[in-house]
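Engineer: Model the full assembly from the supplied sequences, consistent with the hints where possible.
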Amino acid sequence: MATRALLNWLNELNPTTRAFAVLWTLSAGVYLLFALYRTIFGFKAGRKLPPGPWFHFPLLGDSVHLAAGNPVKFFFERFKRYGPVYRTQMLGSRIWVVADTGALRPPLNDQGAFMQIPFRSFRALMGEDSFIRETSFHGPWRKLFGSALGPPQLSALVPRIEAVMREHLAAWEAVGRINIFREARLLGLDLAVDVITRVDLPPDVDRAWFKGQVEVFLDGLVGLPLRLPGTALWRALAARERLVRVLVPHMAEQHARFTQEWKAAGEDVARYAAARQEQQTSCSGVTAATAATAPAPASPDDVSASTAAGAPASNASASNSSSSSSSSSSSPAGPPSMIEAQWAGWAAIGRGDLVQAAHSVLHLLVASGDTTRTALFNTWALLAVAPRVQDELFQEQKKVMEQHGPELSYQALCAMPYMDATMKECMRLLPAAFGGFRRLTADLPVGDYVIPAGEVIWYVTGLLHCLDPVLWDGDTSGYLPTHMDWQRNLEGAFRPERWLGGGGGGGGGSDGGSDGGKGQPGDVRPRTLSTFGMGSHLCLGMNLVYLEVKLLLALVLRKYRLRPETPDMLRRCRRLFPFFVPERGTDGVLLVPRAGEAAAVVAAA
1 MATRALLNWL
11 NELNPTTRAF
21 AVLWTLSAGV
31 YLLFALYRTI
41 FGFKAGRKLP
51 PGPWFHFPLL
61 GDSVHLAAGN
71 PVKFFFERFK
81 RYGPVYRTQM
91 LGSRIWVVAD
101 TGALRPPLND
111 QGAFMQIPFR
121 SFRALMGEDS
131 FIRETSFHGP
141 WRKLFGSALG
151 PPQLSALVPR
161 IEAVMREHLA
171 AWEAVGRINI
181 FREARLLGLD
191 LAVDVITRVD
201 LPPDVDRAWF
211 KGQVEVFLDG
221 LVGLPLRLPG
231 TALWRALAAR
241 ERLVRVLVPH
251 MAEQHARFTQ
261 EWKAAGEDVA
271 RYAAARQEQQ
281 TSCSGVTAAT
291 AATAPAPASP
301 DDVSASTAAG
311 APASNASASN
321 SSSSSSSSSS
331 SPAGPPSMIE
341 AQWAGWAAIG
351 RGDLVQAAHS
361 VLHLLVASGD
371 TTRTALFNTW
381 ALLAVAPRVQ
391 DELFQEQKKV
401 MEQHGPELSY
411 QALCAMPYMD
421 ATMKECMRLL
431 PAAFGGFRRL
441 TADLPVGDYV
451 IPAGEVIWYV
461 TGLLHCLDPV
471 LWDGDTSGYL
481 PTHMDWQRNL
491 EGAFRPERWL
501 GGGGGGGGGS
511 DGGSDGGKGQ
521 PGDVRPRTLS
531 TFGMGSHLCL
541 GMNLVYLEVK
551 LLLALVLRKY
561 RLRPETPDML
571 RRCRRLFPFF
581 VPERGTDGVL
591 LVPRAGEAAA
601 VVAAA
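If you number the sequence shown the way the numbering used here does, the last residue is 605 and the count never jumps.
What the hints contain is simulated information worked out from the structure, not anything from laboratory work.
Fair warning: this is a prediction, and the values are worked out from it, not measured in the lab.
Treat the hints with caution; some may be incorrect.
20 Å max Cα-Cα, derived EDC-like pairs, lysine to aspartate or glutamate [to be verified]:
1. 559 x 267
2. 211 x 190
3. 143 x 267
Computed spacing ranges between beta-carbons, pair by pair [unchecked claim]:
4. 69 x 260: 53 to 61 Å
5. 69 x 174: 49 to 57 Å
6. 201 x 177: 30 to 38 Å
7. 166 x 77: 40 to 48 Å
8. 256 x 167: 54 to 62 Å
9. 592 x 127: 43 to 51 Å
10. 202 x 232: 25 to 33 Å
11. 476 x 250: 55 to 63 Å
12. 402 x 253: 44 to 52 Å
Positions of the beta carbon are idealized from the N, C-alpha and C atoms, including for glycine.
Structural biologist: Below, the structure written as structure tokens:
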């Protein structure tokens with residue numbers, strides 16, 4: 001019927017108009033066919049684009065597949081089909097997955113690319129601009145932010161982190177169990193709001209309400225970009241406005257003090273950092289050589305090797321090192337807080353106003369709260385089904401208490417090599433982040449293909465861990481490489497020992513038996529661990545996350561064994577991307593007392 005109406009309409013036109021209409025229709029058809037051909041066969045302006053599926057679900061794209069099964073398995077299957085570079089579609093954005101580490105090296109070091117998360121919901125909440133992409137002052141800014149997370153600053157944070165964790169532990173002990181999914185989120189929020197950013201709220205603002213609004217904000221970051229009433233993005237945008245209204249008036253004094261110092265430093269990141277370090281030297285008597293050690297080490301191994309001299313800093317020093325909204329009117333001493341370092345970055349690109357300062361608090365809450373939540377849940381979930389690893393950790397804690405006493409000081413936390421190895425193995429097997437994105441500013445050659453400037457590339461953490469050149473033998477016939485197949489061979493895949501020197505459970509060949517934490521013959525140390533980023537944007541808060549999770553595990557495992565109420569919880573997760581979401585009621589973990597064993601150890605210490 002529609003065809004007949006169209007023909008009747010064409011017959012009514014004069015010959016010239018009819019010819020033009022037919023020509024226009026044919027031209028549009030040819031263009032659409034060419035666009036389809038270009039998408040399918042991968043040619044664009046003489047450059048061969050990488051391959052990819054013929055069809056993606058509208059808007060949702062491959063997120064449908066990722067949410068329904070093991071994301072690492074999905075990406076590994078695509079790798080087997082297309083090779084180390086291929087097209088995917090996620091939440092309305094076309095993205096190119098790149099697993100060629102040689103091709104990744106330039107964009108990961110800001111050569112022909114800048115850091116940008118492409119998801120529209122994330123950018124709607126976090127903003128389109130970011131000082132992170134500014135290469136002109138990126139190096140000085142990283143040193144500035146790192147000075148807030150050096151060993152002395154981490155040492156000062158330990159007592160406050162421990163106090164928050166002991167409150168949570170007391171509640172779990174009262175019922176003898178932990179709902180690890182929900183409790184990881186709540187603990188992550190408490191640490192982010194009360195310890196890391198130290199948000200100072202007026203008496204008439206309920207902290208529980210504030211944290212609830214932060215949770216709503218976090219829930220909208222990765223999802224469908226629909227600004228419709230009732231959607232996650234709609235609720236998150238509303239929560240953001242409420243949070244900013246609360247934050248702005250109560251950080252005005254500290255922001256005014258920062259602005260004064262920023263102008264005095266010539267509105268330059270490097271000079272501002274030098275001025276703050278000079279304040280630290282003059283106020284505390286610390287030598288310039290000692291102050292230069294402030295930036296955080298690059299890995300947990302480095303943290304272990306860089307124990308801070310002397311006892312943990314006092315609470316007053318801790319407040320100076322990381323408070324984000326102190327009401328004190330005196331000039332700050334020592335390195336800037338993480339919030340002030342954020343403000344310096346925004347001010348350097350002309351975004352130093354008070355509203356943006358409030359948004360910076362939310363940005364830091366995202367970075368600290370959600371990362372800790374995911375790292376903690378993933379670690380708990382693996383340890384709960386690995387009693388051998390729990391026993392090895394307990395034996396290590398006995399040695400730590402013999403050497404350092406029962407106190408969980410920064411020095412004690414740095415003397416836990418098996419705990420470090422366990423954290424690395426958890427983050428290798430179940431990464432807290434699924435990779436990183438770069439927006440290309442120049443064409444990127446990857447093998448025989450070229451990804452044009454303007455496109456987004458994605459290095460997928462789990463896929464890079466699959467392809468670890470030390471652990472993987474190149475066999476693509478299996479479900480997953482043995483060292484990543486936690487669903488079907490947990491004992492063979494989850495082996496912290498692989499990180500201890502030359503030993504450790506290498507990919508394949510593990511019988512899962514207890515080995516006293518010494519590894520097995522032929523096992524090797526992994527070469528790839530990209531959970532916290534790669535290149536010039538390696539996560540500066542990585543050591544803080546490790547510190548938090550290690551401290552909690554030490555508190556719990558010194559007294560209890562973890563026993564899952566649902567041993568196959570991970571395999572039954574209803575969603576695994578962008579993070580694990582267990583089926584309702586399956587995330588319970590029992591706290592089983594170690595009877596007199598733990599008490600005897602503490603008494604001896």
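Engineer: Please list, smallest to largest, the hint numbers that this structure does not respect.
Structural biologist: 1, 5 and 8
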